[in-house]
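Asker: Okay, so the sequence shown: first residue is 1 according to UniProt numbering, each after it adds one.
Heads up, some of the hints might be wrong.
Cross-link-like lysine to aspartate or glutamate pairs, in silico, EDC-like; alpha carbons within 16 Å at most [unchecked claim]:
(1) 25 - 78
(2) 25 - 82
(3) 25 - 40
Simulated restraints on C-beta separations [as the list claims (entries may be wrong)]:
(4) 144 - 47: 33 to 41 Å
(5) 84 - 193: 17 to 25 Å
(6) 45 - 162: 19 to 27 Å
(7) 71 - 157: 22 to 30 Å
(8) 200 - 84: 14 to 22 Å
(9) 124 - 90: 47 to 55 Å
(10) 110 - 38: 21 to 29 Å
(11) 157 - 97: 17 to 25 Å
(12) 114 - 215: 19 to 27 Å
(13) 119 - 91: 37 to 45 Å
(14) 153 - 42: 44 to 52 Å
(15) 38 - 81: 36 to 44 Å
(16) 117 - 154: 32 to 40 Å
(17) 205 - 84: 17 to 25 Å
Treat the hints as calculated values from the structure; they're not laboratory data.
Backbone N, C-alpha and C define an ideal beta-carbon position, used for all residues, glycine too.
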Amino acid sequence: MNEIVLHNYFRSSTSYRVRIALAMKGIDYRYAAHHLRHGEHRGEAYLSVNPQGLVPALVWSDGTMIAQSMAIMEFLDETVPEPPLLPADAHGRARVRMLSQMIACEIHPVNNLRILNALKERYGADDAEVGAWFRHWVNATFEPLEKMLSERPQTGVFCHGDTPGMADICLVAQVANNKRFDVDMTPYPVIQRINDACMELEAFRKAAPMNQPDAE
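Using the sequences provided together with the hints, build the complete structure.
Answerer: Below, the structure written as structure tokens:
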């Protein structure tokens with residue numbers, strides 16, 4: 001079998017998600033860094049791996065390339081079932097996917113680095129305006145997310161019950177991004193509590209941005 005390779009960038013929240021999932025499942029891999037701010041993900045070498053030129057991309061031991069963090073996590077859950085990232089029951093899986101996608105599909109796409117860069121390059125936004133944009137879209141989803149987590153009995157120590165899963169992975173990666181843009185977490189005590197509980201776990205700490213070989 002060939003080695004497993006994760007093409008990623010230490011600060012990328014989507015890369016962070018996959019690193020957590022790999023760590024939770026105890027999967028060893030080679031870390032391939034691509035500096036997004038230097039444009040390394042747009043070079044021919046990386047485009048030959050992932051034509052979309054985005055991180056992360058996981059190259060499995062059989063040579064299969066899988067891009068998109070949510071697809072990667074579901075692949076890992078089906079390939080290496082323990083510990084599971086999704087609950088065993090259909091209702092639970094739907095809830096965890098819903099919570100995950102609130103972050104992955106509602107916050108991340110409009111706060112992605114290439115979108116933030118476009119605000120500056122196309123519309124002349126300064127750093128303060130970019131920060132305000134970032135915080136606006138975080139708050140637009142964190143407000144209902146906080147409500148759903150605080151009012152539903154399925155919430156436990158973590159987003160769904162008392163074991164961490166896909167929703168917690170997405171939440172932690174987003175909270176890490178929030179710190180860079182000074183998002184006020186005071187209105188979100190349940191989200192903060194879950195984040196803190198996750199960061200007590202080795203897999204989450206091991207995968208954290210500042211613990212990666214390309215951290216700066």
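Asker: Look at the Cβ atoms of residue 144 and residue 47 and judge whether their distance stays inside 33 to 41 Å.
Answerer: holds (37 Å)
Asker: Should the hint that residue 71 and residue 157 are 22 to 30 Å apart at their CB atoms be regarded as holding?
Answerer: Given range 22 to 30 Å: holds, Cβ gap about 27 Å.
Asker: 21 to 29 Å was suggested as the range; check whether the CB atoms of residue 110 and residue 38 agree with it.
Answerer: holds (23 Å)
Asker: Between residue 25 and residue 40, is the straight-line Cα distance small enough, at 16 Å or below?
Answerer: violated (29 Å)
Asker: Is the hinted range of 19 to 27 Å satisfied by the C-beta distance from residue 45 to residue 162?
Answerer: violated (43 Å)
Asker: Evaluate the given range 17 to 25 Å for the C-beta pair formed by residue 84 and residue 193.
Answerer: For residue 193 against residue 84, whose Cβ atoms are near 22 Å apart, the range 17 to 25 Å holds.
Asker: Could you tell me whether the CB distance from residue 117 to residue 154 stays inside 32 to 40 Å?
Answerer: holds (38 Å)
Asker: Is the hinted pair residue 25 and residue 78 satisfied, with a Cα-Cα distance of at most 16 Å?
Answerer: Within the cut-off at roughly 11 Å; holds.
Asker: Look at the Cβ atoms of residue 157 and residue 97 and judge whether their distance stays inside 17 to 25 Å.
Answerer: holds (20 Å)
Asker: Could you say whether the range 44 to 52 Å given as a hint is met by the Cβ separation of residue 153 and residue 42?
Answerer: holds (46 Å)
Asker: Does 36 to 44 Å hold as the CB distance between residue 38 and residue 81, or does it fail?
Answerer: Given a distance of about 38 Å, which is inside 36 to 44 Å, the answer is holds.
Asker: Can the suggested window of 14 to 22 Å be confirmed for the beta-carbon pair residue 200 and residue 84?
Answerer: Holds - the Cβ-Cβ distance for residue 200 and residue 84, about 20 Å, lies within 14 to 22 Å.
Violated hints, listed in ascending order, are 3 and 6; each of the other numbered hints is respected by the structure.
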